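Engineer: In case you want the letters, here they are:
Protein chains: 4
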Amino acid sequence: MDVGFLGLGRMGRAMAAQLVAAGHNVRVWNRSPDPARQVAGATPVASAAEAFRGDAAITMLADDAALRSVIVEGGLLDAPERPAVHVSMSTISVALAQELAPIHARAGVTYVGAPVFGRPDAAEKGALNIVAAGDDRAISTVQPLLDAMGVKTWRFGEEPHRANAVKLAGNFMLMSAIEAMGEACALVEGHGVKGADLLDLLTNTLFASPVYKGYGALIAEKRYEPPGFTMRLGAKDIRLALAAAEAVGVPLGFGSVLRDNFIDALSHGDGDKDFAALASVAARRSGQG
Amino acid sequence: MDVGFLGLGRMGRAMAAQLVAAGHNVRVWNRSPDPARQVAGATPVASAAEAFRGDAAITMLADDAALRSVIVEGGLLDAPERPAVHVSMSTISVALAQELAPIHARAGVTYVGAPVFGRPDAAEKGALNIVAAGDDRAISTVQPLLDAMGVKTWRFGEEPHRANAVKLAGNFMLMSAIEAMGEACALVEGHGVKGADLLDLLTNTLFASPVYKGYGALIAEKRYEPPGFTMRLGAKDIRLALAAAEAVGVPLGFGSVLRDNFIDALSHGDGDKDFAALASVAARRSGQG
Amino acid sequence: MDVGFLGLGRMGRAMAAQLVAAGHNVRVWNRSPDPARQVAGATPVASAAEAFRGDAAITMLADDAALRSVIVEGGLLDAPERPAVHVSMSTISVALAQELAPIHARAGVTYVGAPVFGRPDAAEKGALNIVAAGDDRAISTVQPLLDAMGVKTWRFGEEPHRANAVKLAGNFMLMSAIEAMGEACALVEGHGVKGADLLDLLTNTLFASPVYKGYGALIAEKRYEPPGFTMRLGAKDIRLALAAAEAVGVPLGFGSVLRDNFIDALSHGDGDKDFAALASVAARRSGQG
Amino acid sequence: MDVGFLGLGRMGRAMAAQLVAAGHNVRVWNRSPDPARQVAGATPVASAAEAFRGDAAITMLADDAALRSVIVEGGLLDAPERPAVHVSMSTISVALAQELAPIHARAGVTYVGAPVFGRPDAAEKGALNIVAAGDDRAISTVQPLLDAMGVKTWRFGEEPHRANAVKLAGNFMLMSAIEAMGEACALVEGHGVKGADLLDLLTNTLFASPVYKGYGALIAEKRYEPPGFTMRLGAKDIRLALAAAEAVGVPLGFGSVLRDNFIDALSHGDGDKDFAALASVAARRSGQG
Numbered sequence: 001m002d003v004g005f006l007g008l009g010r011m012g013r014a015m016a017a018q019l020v021a022a023g024h025n026v027r028v029w030n031r032s033p034d035p036a037r038q039v040a041g042a043t044p045v046a047s048a049a050e051a052f053r054g055d056a057a058i059t060m061l062a063d064d065a066a067l068r069s070v071i072v073e074g075g076l077l078d079a080p081e082r083p084a085v086h087v088s089m090s091t092i093s094v095a096l097a098q099e100l101a102p103i104h105a106r107a108g109v110t111y112v113g114a115p116v117f118g119r120p121d122a123a124e125k126g127a128l129n130i131v132a133a134g135d136d137r138a139i140s141t142v143q144p145l146l147d148a149m150g151v152k153t154w155r156f157g158e159e160p161h162r163a164n165a166v167k168l169a170g171n172f173m174l175m176s177a178i179e180a181m182g183e184a185c186a187l188v189e190g191h192g193v194k195g196a197d198l199l200d201l202l203t204n205t206l207f208a209s210p211v212y213k214g215y216g217a218l219i220a221e222k223r224y225e226p227p228g229f230t231m232r233l234g235a236k237d238i239r240l241a242l243a244a245a246e247a248v249g250v251p252l253g254f255g256s257v258l259r260d261n262f263i264d265a266l267s268h269g270d271g272d273k274d275f276a277a278l279a280s281v282a283a284r285r286s287g288q289g
Numbered sequence: 001m002d003v004g005f006l007g008l009g010r011m012g013r014a015m016a017a018q019l020v021a022a023g024h025n026v027r028v029w030n031r032s033p034d035p036a037r038q039v040a041g042a043t044p045v046a047s048a049a050e051a052f053r054g055d056a057a058i059t060m061l062a063d064d065a066a067l068r069s070v071i072v073e074g075g076l077l078d079a080p081e082r083p084a085v086h087v088s089m090s091t092i093s094v095a096l097a098q099e100l101a102p103i104h105a106r107a108g109v110t111y112v113g114a115p116v117f118g119r120p121d122a123a124e125k126g127a128l129n130i131v132a133a134g135d136d137r138a139i140s141t142v143q144p145l146l147d148a149m150g151v152k153t154w155r156f157g158e159e160p161h162r163a164n165a166v167k168l169a170g171n172f173m174l175m176s177a178i179e180a181m182g183e184a185c186a187l188v189e190g191h192g193v194k195g196a197d198l199l200d201l202l203t204n205t206l207f208a209s210p211v212y213k214g215y216g217a218l219i220a221e222k223r224y225e226p227p228g229f230t231m232r233l234g235a236k237d238i239r240l241a242l243a244a245a246e247a248v249g250v251p252l253g254f255g256s257v258l259r260d261n262f263i264d265a266l267s268h269g270d271g272d273k274d275f276a277a278l279a280s281v282a283a284r285r286s287g288q289g
Numbered sequence: 001m002d003v004g005f006l007g008l009g010r011m012g013r014a015m016a017a018q019l020v021a022a023g024h025n026v027r028v029w030n031r032s033p034d035p036a037r038q039v040a041g042a043t044p045v046a047s048a049a050e051a052f053r054g055d056a057a058i059t060m061l062a063d064d065a066a067l068r069s070v071i072v073e074g075g076l077l078d079a080p081e082r083p084a085v086h087v088s089m090s091t092i093s094v095a096l097a098q099e100l101a102p103i104h105a106r107a108g109v110t111y112v113g114a115p116v117f118g119r120p121d122a123a124e125k126g127a128l129n130i131v132a133a134g135d136d137r138a139i140s141t142v143q144p145l146l147d148a149m150g151v152k153t154w155r156f157g158e159e160p161h162r163a164n165a166v167k168l169a170g171n172f173m174l175m176s177a178i179e180a181m182g183e184a185c186a187l188v189e190g191h192g193v194k195g196a197d198l199l200d201l202l203t204n205t206l207f208a209s210p211v212y213k214g215y216g217a218l219i220a221e222k223r224y225e226p227p228g229f230t231m232r233l234g235a236k237d238i239r240l241a242l243a244a245a246e247a248v249g250v251p252l253g254f255g256s257v258l259r260d261n262f263i264d265a266l267s268h269g270d271g272d273k274d275f276a277a278l279a280s281v282a283a284r285r286s287g288q289g
Numbered sequence: 001m002d003v004g005f006l007g008l009g010r011m012g013r014a015m016a017a018q019l020v021a022a023g024h025n026v027r028v029w030n031r032s033p034d035p036a037r038q039v040a041g042a043t044p045v046a047s048a049a050e051a052f053r054g055d056a057a058i059t060m061l062a063d064d065a066a067l068r069s070v071i072v073e074g075g076l077l078d079a080p081e082r083p084a085v086h087v088s089m090s091t092i093s094v095a096l097a098q099e100l101a102p103i104h105a106r107a108g109v110t111y112v113g114a115p116v117f118g119r120p121d122a123a124e125k126g127a128l129n130i131v132a133a134g135d136d137r138a139i140s141t142v143q144p145l146l147d148a149m150g151v152k153t154w155r156f157g158e159e160p161h162r163a164n165a166v167k168l169a170g171n172f173m174l175m176s177a178i179e180a181m182g183e184a185c186a187l188v189e190g191h192g193v194k195g196a197d198l199l200d201l202l203t204n205t206l207f208a209s210p211v212y213k214g215y216g217a218l219i220a221e222k223r224y225e226p227p228g229f230t231m232r233l234g235a236k237d238i239r240l241a242l243a244a245a246e247a248v249g250v251p252l253g254f255g256s257v258l259r260d261n262f263i264d265a266l267s268h269g270d271g272d273k274d275f276a277a278l279a280s281v282a283a284r285r286s287g288q289g
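Residue numbers (full-length UniProt numbering), protein chains in the order written: chain A, 1 to 289; chain B, 1 to 289; chain C, 1 to 289; chain D, 1 to 289.
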């Protein structure tokens, strides 16, 4: 297929490379066109408009502001050439997805929401879990692309923003797991048990899952640098989850605690540490750290 | 070995049966001596004192009050015959464990804390995870008994109460997982996504662990009866976890939310439902239920 | 003085009437120019631009969106005639105040933040407490206007947004007082004491202040209709307070509980009730209501 | 009247002195009989039993443990001489009051719950607010004593424990006011406004009440030593309030935040500071302190 890919951060580069490997014709664009942001076998283009056309355009831009700026304020929906389908894969707000779907429809572009679960190492192996929602036929059309990037596509119906709600709910559960481990470690450390020993037990039995094992190891070793995904980005995601919940009248008790603790962490200079550093707030409040 | 077993609830019966199956000589006692509370191949005894002797006595009594009443107020530590080791396996407070260890020592009985992770079906297969702390030699002595009941024994040092701290921390993490699923489901349901579909995705990928799969299935189907472990017992456990944390100066933000939500659930008549019904609080607060 | 007044809701009308009564020459404007929105003795003008000129223009527009739409998007800062001072008196976000001050400066208009404490009955008596921040000379110039509307002006320095931070902090304390009364009443009602009796004691002794007496009476009688200030507006204000706090790295534990409870109340259909209905959340969660 | 007074802390001494001043015949007793614990004009007695007799005995003992130890474990209810009425005036748990009332009845002593609002300076002027519950006739009998110590007696029916529920609810509201001031100050300090200036405004207008003025002044000056009432005692009171609420199925959202923050404060070495130091937790979490 003829594909444009916009947004070449670490995740984006890995995903675009999988498309190339699967034999697709890929045009790539990034706001800052530095050489590091290249993908072997893909065609760099100079403008977002040159990427936003063809059978499908995929966006993996940083956040709401970046996506809005490139697509809407950049006028891409009024450009002479436009893609048949826009597959929007970064983590954005439910509200922005709800706003983008109809303006795409008016421009004759089908908007598909398709955020992903997985860190860069999963992206590099084409092993992401993709959460897709939007027009069923459009998703089927781009399915070969999704198959190149992901191990499985999970469909959530015809309204694109639902995929974003699912993605935010998943991230919320992930942060809740980190916080729970942080508090549990503070509790046992107070009684003379190493947090690492507690996590060794639990992440090999009841909680033997990728999230607990992965973040559990970081927390056990207090290994918060270099960051895989930063606290600052985590703070953004909890804000998006709370907003998505508030929009439909759902109070999130855990969400509120998470938000307070992210703010606490950022106020103590942990913004650029790994997400797992959330666990250090419980220790600090206990006077342990 | 010659073993006494006190406390024949559903967990206790299953555990005692494993001891019999492993060839040990088992005397069993339960406060209410009804026939349902029997264990094939074990010798029923009429008094707690007759069970509390031999190579080891194991207690699987309901809670702090029951354990204190039978052992301390029942005068078993002053009885003429006493066991070499008391293996205390039910979920009790850290404070009670700290109180019991020295008074056992004065009576010449070695007190070992050994609470377990696992529901009755795991107990019936001898597949519990056992968290043991106490005198190393004593634990080694009773290791054959632990091996009959559990798939693995995790040791946490020489101070018995540490095992209880670990057990409470594990239960706290389990409740946190249930609450997080409940809030995440309320969020996506508000956006038209079935909670069951969200959990199908997450518990088969990032959260593919026994706890999330097991409780996730109950939450997805809102199957809160019959209870495996009741909300009322969950409420007790979060109280014990908060007390254990407070004793060592640890505030638990998630723990406080859990406590409030357990109280909310009990005030809405859910005390006898399964533990997983904690997830229904988030739905109710959102006006969804 | 020659004054324009924009925004004739219940508060705005009362404040403009005080300016007329004090002998000022007042032009009034409201988006919907219905006759009910008139002020005896003031000159109605047909456009916002005709009001936004003279010695000073005062805005009492509903919220961030209304203020931004009329002043910024309405192009008033580029209009040929502009006021010397813009006194911005409604409750808006700290972020918007920070954005407006410099663009006013570039247009040669001095921007003063001057939100108020007081309900409509206080406005009708010119008895508001006014929180002013901005250029000292400009505030002194408009002081006769503030004196006509308020019983006292409290100055908070030269940066206009500080007045908004103070206003939001005050509203946050007010909501906290309501929530505390709601929880305290639920506690004693559970023990057979009428909430009204508890509040009678406390609001006549330790808490003998206008806020506790006023809201205490509403809570004691569960008199939540008609609303003075609605729950929906309260929900907006707690959101502004949390955003203002997050912007400077301050977690608000009480603020998070308030936010969750406002969402809970709105999800239970209480959006158009009086602010004091926040107290009913604690009762409902306790199964009392 | 012939009165025994047990418990001569700072509050107790002041209250007993008021009884002497009003012409009553007062026997006083304190566990540690040091000379500082004397009351001019009162008769020191050597044992609790000598004080616990006469027309009425008043207890102002430190906490649940002290009251239980002196009255119940000390066997005073089985002593040959017993008072007609026991007026229990310290802050104790609702549960203990519920336990003491019937065992007093069996001993022929009428138990009246009568905790007080007011700091030592109010006690020294006989200006306490007294919250009384219990047998109506018994309260009327001791009313002259209450009138000597308090400015007003507020009656809450015939069940003594209700007075304790009211006292704990009042203390909960007081702590909530301190916490709200702490968070509000952190918010405005982040925007460059002095907390003292915010509190000057609010405690002279909307919140012009003794509690806000008194604690507001301490918070404004960060004057947390010497303590009037310590953080450690505050932590005890929030625990009692949460327990009283849980017993009747009431979740306290603010109460949980308060509990977490008290634990945080104690873990940071503030246990012996004044109660008002609760406000410093919000500042510390914001990285301000």
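A hint or two may mislead.
A pair holds if it fits inside one copy or across any two, identical chains being indistinguishable in the list.
Distance condition first, Cα-Cα at most 30 Å in a straight line; then the derived DSBU-like pairs of lysine-lysine [as the list claims (entries may be wrong)]: (1) Lys222 - Lys152; (2) Lys125 - Lys236; (3) Lys236 - Lys152.
None of these hints come from the bench; they were simulated from the model.
Owing to the predicted nature of the structure, the values given are computational and were not obtained by experimental measurement.
Engineer: Which of the listed hints are not met by the structure?
Structural biologist: none
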